[in-house]
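Undergrad: Take a look at the letters that make up each chain.
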Amino acid sequence: MQAPYTVEERPETGLNNSKLGIWVFLASEVMLFGGLFSAYVFLRMAAPAGEFAYWGSKLSIPMATVNTMVLISSSVTVIMSWASLKMKDFEKYKMYMGLTLLCALIFLFIKYFEYTGKFHHGIYPSSSTFMAIYFTLTGLHGLHIIGGMIVMGYFWLPAGNKMWHSEPEHFTNRIEAAGLYWHFVDLVWIFLFPILYLL
Amino acid sequence: MSSDSHHKENFLQKYIFSVDHKIIGLQYGITSLLFLFFGFFLMMIMRWQLAYPETPVPIVGGLLGDTGILLPEIYNSLGAMHGTIMIFLGVVPLGVGAFGNYFVPLQIGTIDMAFPRLNAASYWSYFVGGVVMVSSFFMPEGAARSGWTSYPPLSVFESGQTIWLIGMIFLITSSLLGSINIIVTIVQLRAPGLSWFRLPFFVWAQFVTSFLLVLAFPPLEAAAILQLMDRVASTSFFLPSGLVYAGATVEVYGSGSPLLWQHLFWFLAHPEVYVLILPAMGIVGEVLANNTRKPLWGYKSMVYAIVFLGFMSFIVWAHHMFLTGMGQAMSAFFQTTTMIISIPSIVILTAFFISLWGGSIRYNTPMLFALSFLPMFGIGGLTGLPLGIGAADIHLHDTYYVIGHFHYVVAPGTLFALFAGIYYWFPKITGRKLSESLGKLHFWPSLIFMNGVFMPMFIQGLAGVSRRLWDGGQLYAHAQDVLQWNEFMSISAFCLGAAQIPFIINVFISLFNGEKVDRNPWGATTLEWSAPSPPLPHVNFEGSVEVYREPYEYSVPGAEKDFTPQSEK
Amino acid sequence: MSDHDHGHIEEHIKVYLTVFGALAVLTLLTVSASYMDVSNTEAIFLALSIATVKASLVAGYFMHLITERQTIIYILCLTFVFFLVCMFVPLITIIDHTAL
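Residue numbers (this note's numbering), protein chains in the order written: chain A, 31 to 229; chain B, 50 to 618; chain C, 24 to 123.
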């Protein structure tokens, strides 16, 4: 027996369980990245003037700008994949979800080049406080991208077909929840990008 | 009715990887009780050393090295791990994981938590975290020894800390998943007719507790990641420039801040202490109402108080940091918020006291524990007030006074409330009552020896004896007059340990031979008592549940019995 | 949101694509702004303002917060308050440090 309001909405709140659940989870993620951003601000204030700007200038703005566009595009494709399901078009869903995963992969590739580029020049997290917080913030963000890819990858091919045919509404809600998570990951990057690369 | 249990569950599915909240609650309960006893045992070793310095520890001395004497480094490990285990592996999993998981769905009249598989995942994450923590004792480096507070720079260089941080990440994940589940369950799955102000006080307590966990734990997770980086990747998030450790200059970039750790740590750790007390207050509310045969006095004010308490708990944390050189403005801010936060606690405690007035009090074992919670938590709370005032805290910070204060709140406070819950709800879980005589044999010595262990700590603390000292203060002139209390406290601690034996025997005997009872042996009003004992696998109740009444309709004038269940029309 | 029908969704898609365009433009704006010769404080204010606008678009339209239920909005407001506390109170404590 399934718990009530797993798929349909509870009249009093207008929500189904997974929507409330994912938002509460995202609230905790706001606090997680909040803790790290708080560390960034704290450390920047404690550092000598200009030090963070100096180390920040070693980052590649073009690469990060491309990555920003890639991630924003993936946000659009993921919501298009959900919209396709709402319009009962499973093939379109597969296309858009595939594109989302592709964008995520590109993002990770570019990050990989960024990181290895730094290591090649002998720049590691231990090289400065700025580099430490840069690698940690982008690293944790990257882990969130990988986590999202695993979940969306699971919903894309292996589980997608099966769930779409057995419980389409439940599946659509799950994609909406996955999409909300993915938009949050995009949101974090929207702040990470200017803070780390431009300031 | 149970359409998806048409497939038979094998042993693993039914008992090990079960998604039934009752099994998971029991898993949490058994695991956490084992950890509580283990944490207690670690403390007993420490107390031996404090009472009889540098004498071989009996029974376990062989594990401590050739001489059998507890060495300072091991003492520090026992101290750090006692705190960590009691809080994160003991009290919170028992209060939230066990009682929350088992009884929240029942008290709101539903079949399970909103996300049963997530529930199982959160238990197993806790289990793995626990294994990681305990395994640290067997690593060559040994267990963590920088206090449960893990302050850098010490924690960045000391042994055993990396595994502690990894263990914490599993435990934090478990708490986050569990609390998301509780919040969604309470918001979405309340039975028809169960409006917010008809919820049992226990459910309100679990609801607020879960918000604290969800919003306060992540900054500590962030800090743990940063400390891991400092240990493993040679970063210096928490290491200032020019640091010298063990005689040598530390070769790191520097420019970091130990205070950053303290802020991020206490941002969680203060709400965490409310996580420790809130489920306990919830349980006390249930037991008091039931055994006074009266509604809780001031239920609505208690609900507002507990919500306000939850909110305030996020803005008091730096009262743990008064001695870090903060300026007057911020010190005044945190002193003010700390004083304000005592108000909701007083409201709740006062309401509990007034609830006793005019009641037909039954002095069964759960009630004895619940009643003793009131003065014990009272002492704990009152002794917290000087700590919240900067001028007094200058003298009391990091002394035994602090240890006395927080143990009063958690040990004869929360732990007694949790025992009350075990005695109260055992019949619902097993269909049998725990023995009353063994219960009283557990209660009275526990109460006496709890006070024996912790009351003298105020005396030592006021004399200036620092905490975390391996030799208990022996080398200090100011400690000489109060040193004799060490032996007294240690003997009390050993007797307190012995007092738990009747409880352990009681549980085992009663599981097989306890008095069999019907589904509502205490004559209680809340929804869990209308389910069979134990409640049905996966569905809990025999039919659908509807709620028509307030949670504590005891002794309603004109009613035929002295209680009316919430589900009765 | 099971009350959506075909036509509704197509309107939504138009909104999504418009937002995408806006986000792209704002990204280019924020990069070019970083090359402007302004003081540190102004740079921070500019960068965070543009980021906030972008984030609001994502949160409002992609995450549907603009039409979301009260329960969610309350939880997020509460979170935001504590986020601000976590971000700024440690800072203020440091600024207010006693000169020892």
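Derived from the structure by calculation, the hints contain no laboratory data.
Just so you know, not all the hints are guaranteed correct.
Residues on chain C that point at chain A, a partial pick, calculated with CB under 8 Å [what the hints assert, rightly or not]:
| no. | residue |
| --- | --- |
| 1 | Ala47 |
| 2 | Ile98 |
| 3 | Phe105 |
Ideal Cβ positions, reconstructed from N, Cα and C, are used throughout, including at glycine.
Undergrad: Hints first: check each against the structure and report whether it holds.
TA: Here's how the hints hold up against the structure:
1. Ala47: holds (7 Å)
2. Ile98: Hint on Ile98 (chain C): holds, closest Cβ of chain A at ~6 Å, below 8 Å.
3. Phe105: holds (7 Å)
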